[in-house]
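Top line first, the protein sequences correspond to chains F and C. Each residue of the first sequence is one higher than the one before, starting from 1 at the first, in our numbering. Each residue of the second sequence is one higher than the one before, starting from 1001 at the first, in our numbering.
Since the hints were derived computationally from the structure, they do not count as laboratory data. Be aware that a few hints might be false.
Calculated lysine to aspartate or glutamate pairs in the DMTMM-like style (CA-CA distance at most 25 angstroms, straight line) [said to hold, decoys possible]:
1) F:48 <-> C:1076
2) F:396 <-> C:1041
3) F:304 <-> F:149
4) F:48 <-> C:1063
5) F:705 <-> F:588
6) F:212 <-> F:124
7) C:1092 <-> C:1103
8) F:48 <-> C:1041
9) F:48 <-> C:1103
10) F:667 <-> F:551
11) F:212 <-> F:152
12) C:1092 <-> C:1064
13) F:304 <-> F:254
14) F:48 <-> F:74
15) F:667 <-> F:152
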Amino acid sequence: MSWTRYFRRRHWDEERARELEAYLETETDENIARGMSSEEARYAARRKLGNTTLIREEIYRMNSLGWLETIWQDLRYGVRMLAKNPGFTVVAVVTLALGIGANTAIFSIANVFMFRPLPVTDAERLTVVAVQSKGHTDPSPVSYLDYQEYREGTTAVFAGMTGYALSIIGLSYQGHADRLLVSYVPSNFFAMLGIRPALGRLINPGEGDAPKTGPVVVLGHSYWETRFGGDPNVIGRTVALDGTAVTVIGVVPEEFHGPYNLVEMDAYAPFGLLGFHSDNAFFTSRAEGDVRVLATLKPGVSIKRAQAALNAIGQRLAEQYPEADQGQRVRVFPERIARPEPAVADFMPLVAGIFFVMVALVLVVACLNVANLLLARAAAREREISIRAALGAGRKRLLRQLLTESMLLALAGGVGGALAGNWVCHLSNGMRPLGDLPMRLAFAFDWRVFAYVAGVALVAGVLAGLVPAVRVLRADLSSVLREGGRGLIGESGRHWLRNGLVIAQVAGSLVVLVAAGLFTRSLTRAESIDLGFDPHHVLNVGFDPALQGYDQARAEAFFRELLGRARALPGVQSASLAFSIPLGIYNDGARVYAEGQALPPSERVPGAGFNPVSPEYFATLGMHILEGHAFTDADTAASPPVAIVNQTMAARLWPHRDPLGQRFSYKSASGPYVTVVGLVRDAKTTGLLDATGMYFYVPQTQNYKSIHVLQVRTSIPPESLAASVAGLVRTLDPGMPMYEVMTMDQAMQGANGYFLFKMGAGFTGVLGGLGLLLAVVGVYGVVSFTAGRRRHEIGIRMALGAQRGSVFGLVIRQAATLVCAGVGIGLVAALTCTRILASLLVDVSSYDPVTYASVAVLLLAAALLACYIPARRAMKVDPMVALRYE
Amino acid sequence: MPKKGSPPLEGELLQGTLDLLILQTLVLGAAHGHTIAYAIEHRSEDVLQVEHGSLYPALHRLEDRAWIASFWGTSENNRRARYYRLTPAGRKQLAQQTSRWEELVRAVNRVLGSSQTKPQTRTTGVCGTPLKAES
């Protein structure tokens, strides 16, 4: 077939028509010559030639581009049909858009977490190595010393190993200080990841690998742009990182946001800089793990082999350094499932799987809805389709036409869904689970999302269109014409298909609703967990006076003044200072050695979290001192060091003994010791679900840290005090930066607080709502359609004396049967599938009867309410009108 | 539902045959569709009954392949008619197809003539499974 013919096929058709006409004339002439009458002659000639239309069509087809041509025809026809029924089209497109949108949103999130590779060399072979100690269940960072051993010992399986230690530090330049998220990295970091500088240079081989060396810093692209306005002259300038003068040597490329997914890394500095802080045990302590290890597998090496190689090193370390590494288990994860922390690797695939199943269910419910709408419309279009079939449309061609229409719907739904999903993602971009830290979710619409949406839309189109299309084509079309359009699909006995679709819809949405219900209950339970402190009516204001160049003495004077003035503010009940807030994003911890309790050398020294606080801390946070007393102003740097321990710590270190007066050290096995002066009730400090660990408090005067958080308990709404506290700070030092100014209730919504529960309940709640809405619309559609089809029957019934009430009952009964069947099947399905949710639920059984019962009732009530309208309409049928209508 | 009303020319063999017949007819000189149809019928002594309509798609196809060319002319009884003539490419094609056709006929004849005389031999495989005889 040549293209020129394609474009000239109309001309060719005319040409052939003339040619055929010429044949007829010649043949007629000859027939007349043979002695026929002219009419007979013409007729015989036509018979001899055959069906001219078919001949022309065949030639026309030879000139066309086959499938392309018919697709174009189908498309035009489909668009016309859809445009003719705008109501139907809008409902179908919106339904599909909701289903596809939910899928897009979930996929975009999963894409960030699990699919999109880091922009680094050999990203597909990148792994994360972490260690799990006996007490802790979460895989956590590795100590520097252990990291070195793992790196040297696994060169057979890893092409390279590097790491980074996260820290929040102050960068000051020209009198202005910022709080930055930095990665301290070994010198091979950029080389191994294949990062080239956008400006200047990156860290050279060997640079800053030794303690107290490498006073340089590489800036993150985004930070360079916001802080230095993208000024290329920044290279070579000197800035202060937590008081250490360092030289800016380069800027990373724009597409590299750092190794820690979800946040934008502000800067990178060599490990060596960590040595400048005298109290930092980074280079010396095997017990403190700070290095988040990244390793690239050698080509062809499996994760399993790498794991075996690591295990061998881990075993040796445990034997060599039992006090630090005993019972420690080393694990390697593909980088993609360990975002942002390896701690998620064990449940991330499960969570993703659950959400994918849920959105798939919602999509199926949406497709069933559209399938039902199409079925109803196909019933109305039977005559049209039968006539087309009678006129010679092949079944394949008709099927393609019907599928084209549903694909068009799905395409429109896909576009709508992509927009909706994108919008949802933009909403979630606004969330700040990490406080002021620069969260970077970046749910960009990349090709993966696009391919996924296109695939989902395609599946939806086929799913929604196939059932009605096959249904129509399997029907005996000629009978439709004979029966005068009384319909096959509406015929009694053939309801099962439509009914089956509705039952499936109700069942599917019930499963989604049950999951949503379980997560919501879970959130409620999480919110009623005993925190051990009272988060209400507390305002937090974060400070780091080191950013302003304050030394300890100056900072202490500043905070003394601030506390005094804050207490005097109207509405303030108490004010205190702490290093960290409970359930916040940072914490401090140490190994603790109880005095006089020598541990066997094979046993790991237990760790505890701690928080340097000011005397009024426990009153401000509403924590109960069970024994002893809170710190007082008499606890100073010069007085004997003291501590207040929680119940867990007291029970672990001094079982069955009075903890007051006991001594322990959090520096080394040989002291210095602190004396326990109080016992405080256990409180949630690290995570809502974490078992309460050992925790203790020390006076700020005896453990100075530059980072402070001012906490104020108020009798008035705490947020109303933010302005006056900020005013106080400005009178004391107008340049003092404040961060994470929020109420404790707000702070509780963070990553270690209710964030995940809220996200889970929110997402599943939205999905559940969608499922419910779609199911209700589906039930309504089917019931009103069948009720409409039964107008005639209802008219007869009423003419024969049926009461309006019984007609109403008739319709409702039909609907109730469907919905109950759906709910029944859905309950069984939910009972079997929600078991996999169990590990993600707090304090709620996956068989929680309250959830199941309330969801079933909700669905039943909503569905029956949806039937009320068609039932009432049926009840009001005027028998005369209904019968005359025939 | 009506079947596709295509002429009884399905399958490669028949289609190719009709092409061959048309080309052969045109060797004698240009002709229009009506003449070609009758010429085929007559020259085959009425064994090959061509549905005249089916001729036209075939003519179209041949012209598309540039084996024949067409022009409007005046027929013997003074009517406008579309005439077809063989192109050099068509002539070459005719020679090729004729020899292929003869080969085919010879082959079919050989098969028909020999089928009763020779029994088929069978080879047996390892486990007694008969191997398919390859020709």
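Here's how the hints hold up against the structure:
For the hint linking residue 48 (chain F) to residue 1076 (chain C), the alpha-carbon distance of about 20 angstroms falls within 25 angstroms, and the restraint holds. A distance of roughly 37 angstroms separates the Cα atoms of residue 396 (chain F) and residue 1041 (chain C); the hinted pair therefore is violated under the 25 angstroms criterion. A C-alpha spacing of about 19 angstroms is found between residue 304 (chain F) and residue 149 (chain F), which places the hinted pair at or below 25 angstroms, so the restraint holds. For the hint linking residue 48 (chain F) to residue 1063 (chain C), the alpha-carbon distance of about 23 angstroms falls within 25 angstroms, and the restraint holds.
Simply put, residue 705 (chain F) and residue 588 (chain F) have alpha-carbon atoms about 11 angstroms apart, close enough for the 25 angstroms limit, and the pair holds. Between the alpha carbons of residue 212 (chain F) and residue 124 (chain F) the distance comes to roughly 35 angstroms, so the proposed pair goes past 25 angstroms and is violated. About 17 angstroms separates the Cα atoms of residue 1092 (chain C) and residue 1103 (chain C), which keeps this hinted pair within 25 angstroms; it holds. For the proposed pair residue 48 (chain F) and residue 1041 (chain C), the alpha carbon gap of about 13 angstroms is at most 25 angstroms, so the pair holds.
For the proposed pair residue 48 (chain F) and residue 1103 (chain C), the alpha carbon gap of about 33 angstroms is over 25 angstroms, so the pair is violated. At roughly 23 angstroms between alpha-carbon atoms, residue 667 (chain F) and residue 551 (chain F) fall within 25 angstroms of each other, so this suggested pair holds. At most 25 angstroms may separate the alpha-carbon atoms for a hinted pair to count; residue 212 (chain F) and residue 152 (chain F) meet this at roughly 22 angstroms. Of the pairs offered as hints, the one joining residue 1092 (chain C) and residue 1064 (chain C) holds, with about 16 angstroms between alpha carbons and a cut-off of 25 angstroms not exceeded.
Taking the CA atoms of residue 304 (chain F) and residue 254 (chain F), the gap is about 34 angstroms. The hint is violated against a cut of 25 angstroms. Of the supplied pair hints, the one linking residue 48 (chain F) and residue 74 (chain F) is violated, its CA atoms being roughly 35 angstroms apart against a limit of 25 angstroms. Taken as a hint, the residue 667 (chain F) and residue 152 (chain F) pair is broken in the structure, with Cα atoms around 30 angstroms apart against an allowance of 25 angstroms.
When held up to the earlier numbered hints, the structure conflicts with 2, 6, 9, 13, 14, 15 and fits the remainder.
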